[in-house]
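Combine the two chains into a complex, taking the hints into account.
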Amino acid sequence: MELLMAIVAGLIFTAAIYLILSRSLIKVILGTGLLSHGAHLFILTMGGLGGSSPPVLADGATNFADPLPQALILTAIVISFGVTAFILVLAYRTYAVHKTDDLNSMKGNDEHD
Amino acid sequence: MINLLLFPIIIPFFFAIVLLFFKEQVRIQRILTVIGLSASIVASFALIMKVKQDGIQTLTLGSWPAPFGISMVSDMFSALLVTSTLVITLFVSIYSFSSIGEERERFFYYPAILFMITGVNGAFTTGDIFNMFVFFEVLLIASYLLIVLGGEKRQLRESIKYILVNVISSAFFVITIAYLYSVVGTLNMADIGQKIAEIGQPGIISVIGIMLLLVFGIKAGIFPLYFWMPGSYAAPPVPILALFGALLTKVGVYAITRTYTLFFVHDLAFTHTILMVLALLTIVAGCIGALAYFDLKQIIIYNILIAIGVILFGVSQMNEAGMQGAIFYLIHDMLIKGALFLIIGIMIVVTGTSNLREMGGLIKTHASLGWLFLIAAFGLAGIPPLSGFVGKLLIVQGGFENGQLFGTIVILASSLVVLLSVIRIFVYAFWGEPVPIQPTNRKTYKQMMFPAVMLVALSVLYGVGTEWIFPYVSDAAHVLLDPSSYINAVLKE
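Residue numbers (our numbering), protein chains in the order written: chain H, 285 to 397; chain E, 489 to 981.
One chain only, chain E, in its complex shape (with noise of 0.2 Å):
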C-alpha cells in the first residue's frame, strides 16, 4: 500500500483544474504548468527508485481487496514509461510558449495537455482492464480538444475524421472488455491472467487478443490500422503533434504489451506470430511512407510507424533479449520523436513552409539547427554510441536467437531506409542553394531551440548511459516475461 504511484496521476490532474481558473492570464498559466509538471517528474523519479529497491508497488483504490477493487499497479516498465512522459511534456509545452500563439494558449491549450498526461500515466498505471478504458477516454477526449483547438479548416476536417475513428474503437474496447467478463469473469488484469493460466486459453481467449489488438492498434496505428493517422496527425500544429507521436502512440503499444505478455501467453503460436507479421507490414507501410513524401511532418509521422513496428517485433519475440530491445527502444523512441518533431517545428517557422522542395541552404544561415537535426537523425537511426542503437541491437538479437531471420533482416533493413529519410531531410532543406526567407526574432528562436536541445541533449545521454539505465530495463523486462510475479504483486494482500 502506497500512494506514490498514485501521484504522477494526480498532480497533473490537480494543476490542470486550477488552470482552469486562470483562463485569460497565460503567464501564470505558463509557470503552473512548468510548476506541476516538474513536481510529478520528481514523483516519478522517486516512484523509480522505490520500485527499483522493493519491486512492484500496488495500490487498491478505496481499500477494497484485489480483485474486486480497482488495483493501480506500478512495476518498472510502467514507472519508466510515466517518467518519460512527464518528461517529454515538460519540454512541450516550454517550447508551447513561444510557438503555439497566445489565442489558444487561453484557450485551455495547458489544461488539455495536463489532463491528457493525466490520460497517459493513468492508463500505464492501472491494474484494471475497465479503468484502463476509462484512462484512454480520458487522454482521448483532451486530445480531441488539442488536436481542434484553433479550429481552422483542415483541423476540423481532420479532427471529425480522428474522433469517428477513436469512437468506434472505444465501442471495439467496451465489446472485447465484455466477452472477456464473460468469459473469465473478472476485470482485474492480475487476476484474468490467472484465470486464463487455469482454463488455458481455449479459442475464445485467442479471439479476445486478436480483438484487443484490434482495438490497441488503432491506437498505436500497426499495419493496417494507421490509415488514419497520417492526415490526421499533420493537422495541429507542431507541439500538438509532438506530444501525440510521442505520447499516444506509444500508449497503445504499451497496451498492447502489457496484454500480450500477461493474458495471451499459453498460444504463442497463434496470437504472436500474428503480432509479429502485421509488425513486420507496418515496418514496411512506414517504410514506404517515409520515402514517399516531400512533407516533413509526413516524413517523421511515418517514421512513428516503423519505430511502432520495430517495438513490437521485440515484444513478439518473447525473449529476454527482444523484450529489453523493445522496452530500451520504446522510451528512445518517445525521447528522439519528441526531439524530431520539435526540430522541424524550428525548421517549418523559420522557412514558413514544410515542404522540402522549397527549402534549402538553411546551413549557412541556422548552422546549430542543422548540427542539431543531424545528431537526432543520427540517433533514430540508431548510429553507435547514440540512443537507437542498443535498443535496435536487443531487438535483432532476440529475433536471431528465436530464429526469425526474415524478419530480423526485415529490421535491420529499415534502420537504412529510417537513415535514408532522415538524410534526405537533411540534404534537402540544409544543402544547396540558400531559398530567399524571412527574418526571425532571435529571441523567439532561442526560446525554441532550448527544449529542442535539452531533449537531443537527454537522447545522446540515454544512448551514452546505458550501462546505467540498463538494470532498470532489464527489470521492466524481467517483470513482463514473468506474469507470476506481477500477479503475486497485486493478489498478495
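Just chain H, same shape as in the assembly (with noise of 0.2 Å):
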C-alpha cells in the first residue's frame, strides 16, 4: 500500500511539474497547489498507513497507526491553502496591471524598466 501510495505521489509531482513549466500564469498556480498535495500525499506515506489499526497509543498496544502524519499534513494544507488563496489574488491584480498572463512576456530587465 506504501508503495502504490509513493507512486501516487510521484506521478502527482509530475503533473505538478509539468503545469509548473508552462508559460501560462494560471497554469503555474494550478501546478504550485497540485505539489503541494503531492507533499501532504507524501508526508502520509511515509509515516505509515497502518491500515485499519486505530491511531491511539496505549500501554502495550502493538498495532496502532501513526498519528503525528495528520497533525503535520493539516497544519501544511492550512498554509498551502492560504498562500495559494493570496497567490490567486496576486496573479488577478498582476493580469490587470500588466495586460497579460504571459510569464514569457513578464520578464523584464533591472535597469531598463
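To be clear, the hints were calculated from the coordinates, so they are not data collected in a lab.
Mixed in with the good hints, there may be bad ones.
Each computed EDC-like pair below joins lysine to aspartate or glutamate, with the alpha-carbon atoms no more than 16 Å apart [what the hints assert, rightly or not]: (1) Lys383/H / Glu640/E; (2) Lys649/E / Asp350/H; (3) Lys641/E / Asp385/H; (4) Lys649/E / Asp386/H; (5) Lys511/E / Glu593/E; (6) Lys683/E / Asp755/E; (7) Lys311/H / Asp385/H.
Interface residues of chain E toward chain H, partial, derived using beta-carbon atoms under 7 Å [stated by the list, open to error]: (8) Val522; (9) Phe618; (10) Glu625; (11) Leu644; (12) Ile648; (13) Ala659; (14) Val662.
Ideal Cβ placement from N, Cα and C applies to all residues, glycine included.
This is how it looks when you write it as C-alpha cells:
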C-alpha cells in the first residue's frame, strides 16, 4: 500500500512539474497547488499507513497507526490553502496591471524598466 | 523551563495584532512599533545574559516532554541572532517613518514587519524541524505582503516570481521533512541529531542533507539558487529591501548552519565539501555581479551573496576558528548590510535615481553622507579595526588550519573585490562634477540619517569592542561544534 501511494505521489509531482513549467500564470499556480497536494500525500505515506488500526498509543498496544503525520498534514494544508488564495489574488492584480498572463512577457531587465 | 526565550517571539506578535486595530492612525502605529521592538530588545538582552550565565535554555510547549512536544531552544547562537534581528528592525522601522510614505503605512506596513520578525525569531529559536517550517511560512507570508505592498507594476511582476520560488521551496521542505521522519521517526532536532548519531549517517541521510541544503539554499541565495534574488529584492522600496537583505537571507544561513552542525556531522568529507564548493562558487558569482552593475541596489544585493559565501565557507570548515569567524561575520554582516541599504536609500532619495552613471559630486552638497558611506564601505570590506576584519581573519585562519589553501585565497581575494565594488560607488556618486539635483527636505534628510548613523556606529562599536563581544561568540561556536551539549540540554528533562 505504501509503495502504491509513493507511486501516486510521484505521478502527482510529475503533473505538477509539467504545469509549473508552462507559460500561463494560472497553470503555474494550479501546478503549485498540485505540488503541495503531492507533498501532503507523501508525508502520510512516509509516516506509514497503518491500515485499519486506530491512531492511539496506549501502554502495551502493538498495532496502531501513527497520528503525527496527520497533524503535520493538517498544518501544511492550512498553510498552502492560505498561500494559494493570496497568490491567486496577486495573479489577478498582475493580470489587470500587465494585461497578460504569459510569464514570457513578464521577463524584465532591472536597468530598463 | 523558562518563558524568557519566548518573549522576543511573542512581544512582536502581540504588538502586530494590536496594530491591526489602528489602521488609519499612522502616528499611534509608529509609537507602538517602537515600544514593541524596544521591549523585545530588552527581553532579548536579558536572554543573552541568562544563556551566558546558565547555559542553553529550553522550553517545551504545553509541557509535553521533549522529543514528543515542540521544544523551543535558545543557545548563544540563536540568542545573538534574535537580538541583532530586533535591533536592525528597530532602526529600519525608524527609517521608514520618513521614507516609506503614508500610503504604505496605512496598509499594514508595520504589522507586516512585526509578523515577519515573529517568524524570523521563531525560526531562530525553535528546536523542532516541522515547527521551523511553520515559522518559515509565517515570515514568508509576511514578506509576500511586504514585497507587493504598494502594487507598482514592477513590484507585481517580481512578487510573482518571488512567491513562486518560495512556494516551491516550501513544498521541497515538506517533502524533505517527510523523508527525514520516515528514516529517524522524530521531528525534535536534538532527537534527530541523536538518532542520526546512533545509525551513523547512511547514504539516505546524506541525500536528505543535500535536500535540506537545497531548501535553505534557496532562502539564503547560495549558488546556483540565487537566480531569483537580484530581481526580486530590487523591486520593493529600500527599507523593505534592507529588512530582506539583512534578515531573510540570514535565516537560510542559520538553518544551514544548525542542520549541518547538529544532524549531518558523520560524513564531513561528502556533505561539507559540497557546502564549501557551493560557498566558494557563491562568492565568485557575487563578485561578478557586484562589479558588473551600475545600479546601487544591485551592487549591494550582490554583496549579500559574497557575504553568504564567506560565512558558509567558515561553517564548512567545522573547526573552532572557522565557526567563531562565521558567527562573528554573520552578525557583522546583518548590521553592516542594514546600514548600507539605509545609506543607499538616502542617496536614492537625494539624487532621485539609483543609477550610478547619473550621479556625481554629492560630497560637495552632502559631505556627512559621503563620510558615513565610506566608513560603512570600509567596514564591509573588513579594514581593521572595523567589524568585518575580525570575522574574516578567523574564517581565514580556520581555512588555513584545515589546509584549504585555494578556498582561503578566494576569500581573501573577494575582500578586494568587495572593496572595489563599494569604492566604485563612492567614486561615481561622491566625486566628480556635481549633477544638478532637486533640493531635499532637510528635516526628512535628518530623520533618515539618524538610523543610518546609529547602525554604522553600532557596527563600528561591534568591531572596536571585539574584546567584550568575543566570549559570547566563542560560547556560540562551542555549542555548534559540540552537538552533544545541545542534545543533552533539550532531552534532559
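Going through the hints against the structure:
1. Lys383/H / Glu640/E: Answer holds: Lys383/H to Glu640/E is near 14 Å, not above 16 Å.
2. Lys649/E / Asp350/H: The hint is violated at about 37 Å.
3. Lys641/E / Asp385/H: Roughly 14 Å between the alpha carbons, so the hint for Lys641/E and Asp385/H holds.
4. Lys649/E / Asp386/H: Between Lys649/E and Asp386/H the Cα gap is close to 13 Å, so the pair holds against 16 Å.
5. Lys511/E / Glu593/E: holds, 8 Å
6. Lys683/E / Asp755/E: The hint holds at about 15 Å.
7. Lys311/H / Asp385/H: holds, 10 Å
8. Val522: Violated - the Cβ of Val522/E stays beyond 7 Å from chain H, reaching only about 29 Å at its closest.
9. Phe618: holds, 6 Å
10. Glu625: holds, 5 Å
11. Leu644: Given a least distance of 4 Å, the restraint on Leu644/E holds.
12. Ile648: OK, holds: Ile648/E within 7 Å of chain H, min 6 Å.
13. Ala659: holds, 5 Å
14. Val662: holds, 4 Å
Hint compliance for this structure: hints 2 and 8 are not met, and every other hint is.
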